[in-house]
Amino acid sequence: MRAVDQRRVLPQTLEYGPSRPTLCRVKGFAVPRFDRYMLSQLMVLFGFFALVLVAVYWVNRAVVLFDRLIADGHSAGVFLEFTALSLPGVIALVLPMASFAAAVYVTNRLMGDSELTVVQATGYSPWRLVRPVALFGLIVALMMSVLTHFLVPASVEQLKQREVDISGSVSARLLREGTFLHPGPGVTFFIREITPEGELRDVYLSDRRQDDREVTYTAERAYVVQAEEGPRLVMVSGLAQTLRPENRTLSTTLFQDFTYDISNLIVQNQNMNLRPKHLSTWDLLTQPEAMAELTDVPMARINEELHGRFQQALLGLVAALIGFSTLLTGSFSRFGVGRQIVVAIFLLVVIKLVESAVTDPTRNNASLWPLIYLPSIVGFGMAVGVLHLASRPFRKSRNGRATEVAA
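Per this note's numbering, numbering through the sequence shown is continuous, rising by one, with the last residue being 1810.
Hints were generated in silico from the structure; no laboratory data involved. As the structure is a computational prediction, the values presented were derived from the model and not from experiment. In this text, a Cβ means the ideal position worked out from N, Cα and C, and glycines have one as well. There may be inaccurate statements among the hints.
[To be verified] The calculated label-pair distances, taken between Cβ atoms and stated as ranges, are:
id: 1; residue 1: 1693; residue 2: 1599; range: 20 to 26 Å
id: 2; residue 1: 1773; residue 2: 1541; range: 19 to 25 Å
id: 3; residue 1: 1696; residue 2: 1611; range: 42 to 48 Å
id: 4; residue 1: 1753; residue 2: 1794; range: 38 to 44 Å
[Said to hold, decoys possible] The calculated lysine-lysine pairs, modelled on DSSO-like cross-linking and capped at a C-alpha distance of 30 Å, are:
id: 5; residue 1: 1755; residue 2: 1563
id: 6; residue 1: 1680; residue 2: 1563
id: 7; residue 1: 1755; residue 2: 1680
Take the sequences, apply the hints, and build the full model.
This is the structure we're talking about:
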């Protein structure tokens, strides 16, 4: 009994050092302060990793948008608008990875500084230590829910609308100096210079859309005006050449001013068909049949989109629990917990494999929507199993027997 009493009294004299003022020697006050301390560390590192990952993914996305938008003649403002609208989707993609990285980094640092070892020596089991990590995971899941249910659908819908709007932009399609443009099949357009006043100089326009003739217009100056019927190109001091292929005759016409309809050259993208990802969660939840008819997709795709948003939010919690619980299985070592980190990454890969395995069945059969939550269920199960392993119940029972024999 004396050995047991010493084990219970000794942790009361342990001190965490001056670098950890938020921890206290008294057991009754150490627990909540340690939870706050660990939660604050998790949030700080989570913000850091989220910022880094969002920057990396966002830059990759911005490069693709830059090539597509700037090459089509759109302004930098349009490019910035599109990159901003793509940001919520990027954030939703990287938050689970950031939560996993934060949990692994903080746990590794606490173990390296022997802080978790000291706290465990006071008698707190892995089930007790996981409480701040679970709270951190719930905060991440709440952030993910806001993104997946509100911000991402709204941004995707707005992005689709802006794509339709800019597809009919005259300035982006035609007003580019020094470049031969092909705004439509059989049409070639060239402008040598565009003045600050909006005057087009040395304009060339070739129209080969009619089988019986080819018309080429050249003008010293031209202007784009907006009429009720659509945009018009007014050419001044020019020449029209008409070639008829059947008899190979060429006729020329000099004109002082000529108006050319360019509205049919600006083919606006009318592909504004709604998809399930454009719809709000409330509509998917309350009117699934109507939303399936509106988007012209089967009910299985509606269920996949709806429950996939809840499942994506749960991944933030699952990733944090797996990162913490796996590292907790390793004891203090000067060589670190490299093996445990590899195992944690492997468990995440298993979750992604499960997610890929249930994708096709849930898309083809609407009644199999519960399978969408299988990756999270598997993740929670692995976290619980690893925490049970970290608690080492069998070793604890053997130590108890040895103490009884000694007594």
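Query - Index of numbered hints that the structure contradicts, given in increasing order - result: 1, 4
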